[in-house]
Amino acid sequence: MVATLLRLKYHLVIADMKRSVGRVVLFVFFALYCLMMVFIALVGFGAASEYRTGNEHVVASITTFVGSLVIAGWTILPLLFFGVDQTLDPARFRPFPLRGSRLAPGLVLAGVIGLPGLVTAVLCLGVALLWLGHGAVFVGLIAGSLGFLMSQVGCRLATTALSGTLSSRKMRDLTGVIALIVILVLSTGGYVVSMGLSLWSSRAGGGAATLATVEQIAGVLAWTPLGSPWAILGAAGQGQWGMSVVFLVLTCCYLGLGIWGYGVVLDRAMLAPDRVSSARVMGSGNIIDAVSSWPGLSGRLAGMGAIMGRCLRYWRRDPRYLGQLPAVLMMPVLFTIMGLTMPLMVEAGGDEVPLELMGFMSNLSLGLIAFGLGFAAVMAGYTLSADLAYDSTAWWIHLTSGVRGWQDRLGRVLASVVVMGPLVLVVGIAVPWFLYSGSVVPNVVGAMIVLYAAGLGVSSIFSAWIVYPVALPGESPLKMRTGMMGAQMLSQFGSLTIAGLLALPVCLWAIVARGWMSWIVLAVGVVWGGILMAAGVFLGGKLTESRGPTILSILMKNDSKDRN
1449 MVATLLRLKY
1459 HLVIADMKRS
1469 VGRVVLFVFF
1479 ALYCLMMVFI
1489 ALVGFGAASE
1499 YRTGNEHVVA
1509 SITTFVGSLV
1519 IAGWTILPLL
1529 FFGVDQTLDP
1539 ARFRPFPLRG
1549 SRLAPGLVLA
1559 GVIGLPGLVT
1569 AVLCLGVALL
1579 WLGHGAVFVG
1589 LIAGSLGFLM
1599 SQVGCRLATT
1609 ALSGTLSSRK
1619 MRDLTGVIAL
1629 IVILVLSTGG
1639 YVVSMGLSLW
1649 SSRAGGGAAT
1659 LATVEQIAGV
1669 LAWTPLGSPW
1679 AILGAAGQGQ
1689 WGMSVVFLVL
1699 TCCYLGLGIW
1709 GYGVVLDRAM
1719 LAPDRVSSAR
1729 VMGSGNIIDA
1739 VSSWPGLSGR
1749 LAGMGAIMGR
1759 CLRYWRRDPR
1769 YLGQLPAVLM
1779 MPVLFTIMGL
1789 TMPLMVEAGG
1799 DEVPLELMGF
1809 MSNLSLGLIA
1819 FGLGFAAVMA
1829 GYTLSADLAY
1839 DSTAWWIHLT
1849 SGVRGWQDRL
1859 GRVLASVVVM
1869 GPLVLVVGIA
1879 VPWFLYSGSV
1889 VPNVVGAMIV
1899 LYAAGLGVSS
1909 IFSAWIVYPV
1919 ALPGESPLKM
1929 RTGMMGAQML
1939 SQFGSLTIAG
1949 LLALPVCLWA
1959 IVARGWMSWI
1969 VLAVGVVWGG
1979 ILMAAGVFLG
1989 GKLTESRGPT
1999 ILSILMKNDS
2009 KDRN
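Position 163, counted from 1, in the sequence shown is what our numbering calls 1611; the numbers after and before it change by one each time, with no gaps.
FYI, nobody ran anything at the bench for these hints, they're computed from the structure.
This list has only true hints and no planted wrong ones.
Cross-link-like lysine to any residue pairs, in silico, SDA-like; alpha carbons within 25 Å at most:
#	residue 1	residue 2
1	K2005	A1842
2	K1466	M2004
3	K2005	W1913
4	K1466	F1477
5	K1990	A1750
6	K1990	V1866
7	K2005	L1938
8	K1990	L1949
9	K1466	P1564
10	K1466	Y1481
11	K1466	L1454
12	K2005	A1463
13	K1990	I1914
14	K2005	G1850
15	K1466	C1482
16	K1466	G1565
17	K1990	T1841
18	K1990	S1849
19	K2005	L1847
20	K2005	W1843
21	K1990	I1845
22	K2005	W1844
23	K1466	A1479
24	K1466	I2002
25	K1990	V1975
26	K1466	M1937
27	K1466	L1563
Derived DEER-like restraints, expressed as beta-carbon distance ranges:
#	residue 1	residue 2	range
28	H1459	T1998	35 to 45 Å
29	G1667	Y1499	18 to 28 Å
30	L1749	V1874	25 to 35 Å
31	S1887	A1496	48 to 58 Å
32	S1549	T1998	53 to 63 Å
33	G1521	G1869	31 to 41 Å
34	G1581	T1661	25 to 35 Å
35	L1814	V1693	51 to 61 Å
36	V1491	F1819	32 to 42 Å
37	V1874	L1814	13 to 23 Å
38	V1974	V1668	49 to 59 Å
39	V1662	T1998	55 to 65 Å
Idealized CB from N, CA, C, for every residue including glycine.
Generate coordinates for the entire structure from the input sequences, incorporating the hints supplied.
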């Protein structure tokens, strides 16, 4: 059964890649990238073994701590990305008279087939290189194998046990948004952690205190399923062979209990019926009716009001829209942290810092923060670029109802202004006010408004010109579609570049303006931004009307099940 499941997983992965050339190219690219990262990690393991003598307890503690994080990541992260990869979904085995206890070992080992599992397996085995020249190197291979198996058992057990809950629409939407936030935090967390450790280590005794804390945490984790496989190697490396055997027995017990529990939840998952979720029917008090009934939104503006109300509903309920909010907010956070920590890193060097260098670092810090604020503003406008693609094939209603192109563009723009506009203003006021002074707030707000409005205007044109594949309604917002990356990169590069150039004069003026001139910058930013946004709505509306049937055919092609 194990060999059958491994072959099945292999053939399914190969068949999925053969569906398009784009998937093969993307797989090769990521495979080469992973190969490079694995090679660097293995070389690093081997080099670290040269400094192991006399520091065996430190190496053992760090190995247990980091290995525990790997197993915890494999257990928790798949819950956030549930539905992205369902190659061997237990529900597919319902027609066959199989018990969960027979399927469990094969499904656990099948995790090695695929880039994430293969990379994890190689790195887990590569930990043995930390003990080159020591008898524990052979124990490291056993410990690494058990650590990898523990990560796969945790992954399978957690996702299968919670599959009923995670398969509901609300939970998929919630976990999709949380997954995006986790990705953004992890992408910036490396810099934050490295800077924090550098600053802490620069203090007297900071490095020793950090290692002592890691050793204490690792000592506790060693007795849990997260750290026991790695404690086998750590104990053997320190010559504590009796404790190594104890941790080996403990790990085997944890693995046996985990596989047994996985078999139990597999039986339940294969017998449970499919979860059917019901959608609540929107009553007369829904947001579309509320917006459409606003004074003045009648006649020629009725279509615009309906589209605006529908987009506002999307901003409330669709994870593909909601996931864009943390992505925009992360920009000022990341660049503000970078700007504030760079001068501190120079001062932490200990030597006397020249005034010229401190002046340069101060200006660089200010530039990074300003760039982060401006980039967040233009990215907030760029979120409109996929708005039309998110409608999917339901966009045929626009063609049959006779909605004008400018009504479609203006409704989407105003919905974005209602959601993103306050965020842009709050960030533009709060960051300069707390970090510097209130005198520069008009400069920053004026520049951010013109960048945001320029992004909306340009995206109103590009979203009708370049309609790239996106995750279908109800799918995980993290799901990649064939042809998505290249078209999205082209749309993003073109939109951001053109919007930045159109707003550049006001931004440059905002840098040098002082005193009462700051308020003129704010006024000019609002006026020029309004002109750019209106021009984008007009031109984007004309383009939408002329390409209406073409857009619908592209959406139908993008949403074809054959492309998934």
